[in-house]
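J.: Sequence:
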Amino acid sequence: VIVQGVRRSAFSNEAGVGSAAIAHSAARTDEPVREGIVALLEPFIDTIVICNMTAITIVLSGVYLDTGEALSGVGMTANAFATVIGWFPAVLSIAVCLFAFSTIISWSYYGIQSWAYLFGERSIIVFKFIYVFCTFLGCLGTLGVIIDFSDLMLLGMCFPNLLGCYILSNEVAADLKDYWQRLTSGEMLTYEQQLAAVSADDSMA
39 VIVQGVRRSA
49 FSNEAGVGSA
59 AIAHSAARTD
69 EPVREGIVAL
79 LEPFIDTIVI
89 CNMTAITIVL
99 SGVYLDTGEA
109 LSGVGMTANA
119 FATVIGWFPA
129 VLSIAVCLFA
139 FSTIISWSYY
149 GIQSWAYLFG
159 ERSIIVFKFI
169 YVFCTFLGCL
179 GTLGVIIDFS
189 DLMLLGMCFP
199 NLLGCYILSN
209 EVAADLKDYW
219 QRLTSGEMLT
229 YEQQLAAVSA
239 DDSMA
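Each residue of the sequence shown is one higher than the one before, starting from 39 at the first, in the working numbering.
Hints listed in this document are in silico derivations from the structure and should not be mistaken for laboratory results. Glycine included, each C-beta is placed from N, C-alpha and C at the ideal position.
Estimated spans, in silico, between C-beta atoms of each pair: (1) Q42 / D104: 14 to 24 Å; (2) W125 / Y102: 14 to 24 Å; (3) A212 / G124: 54 to 64 Å.
Whole structure, please, built from the sequences with the hints as guidance.
T.: This is how it looks when you write it as structure tokens:
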């Protein structure tokens, strides 16, 4: 049960995988530590809030005790919410489609950035063909095989990422200490102060 929980949580929030760093590196900010703190909220909201609420709904509804119909994943979640809100499975179906589409888009961005770093931007078209082909294969494969393959790929991403986190831990700690000192000393401008400064610059212009 613990192994399955770790696998599904890593698949859900991607904590320790390193994919979030690719997304947040595109942010335009002068404070990378602040961006990192924002990134820390994502696994908490995803796992502690959303996943726990879903699990509590399934447990309280008792749909997992129904042995007459073999359900798992989205089907069980839809039945659980349907015990309270009859039309919610339709909303959940739309949400799953949107989630699948956004997952395809986001992971294609991660792949493009990684491919460009390793092989150069000129060969990105090669990755795009490979990615589209793999997406097509994913539609043809069974769910169990796809999930096992995804877990294996996530595990492959974890090892170099965790090694990099360990090597750069001192630098991260130094940046965090510097950021915290500037924040507590009042040296760092608040959002209201930054907004006032921008308004003053606009009025002078």
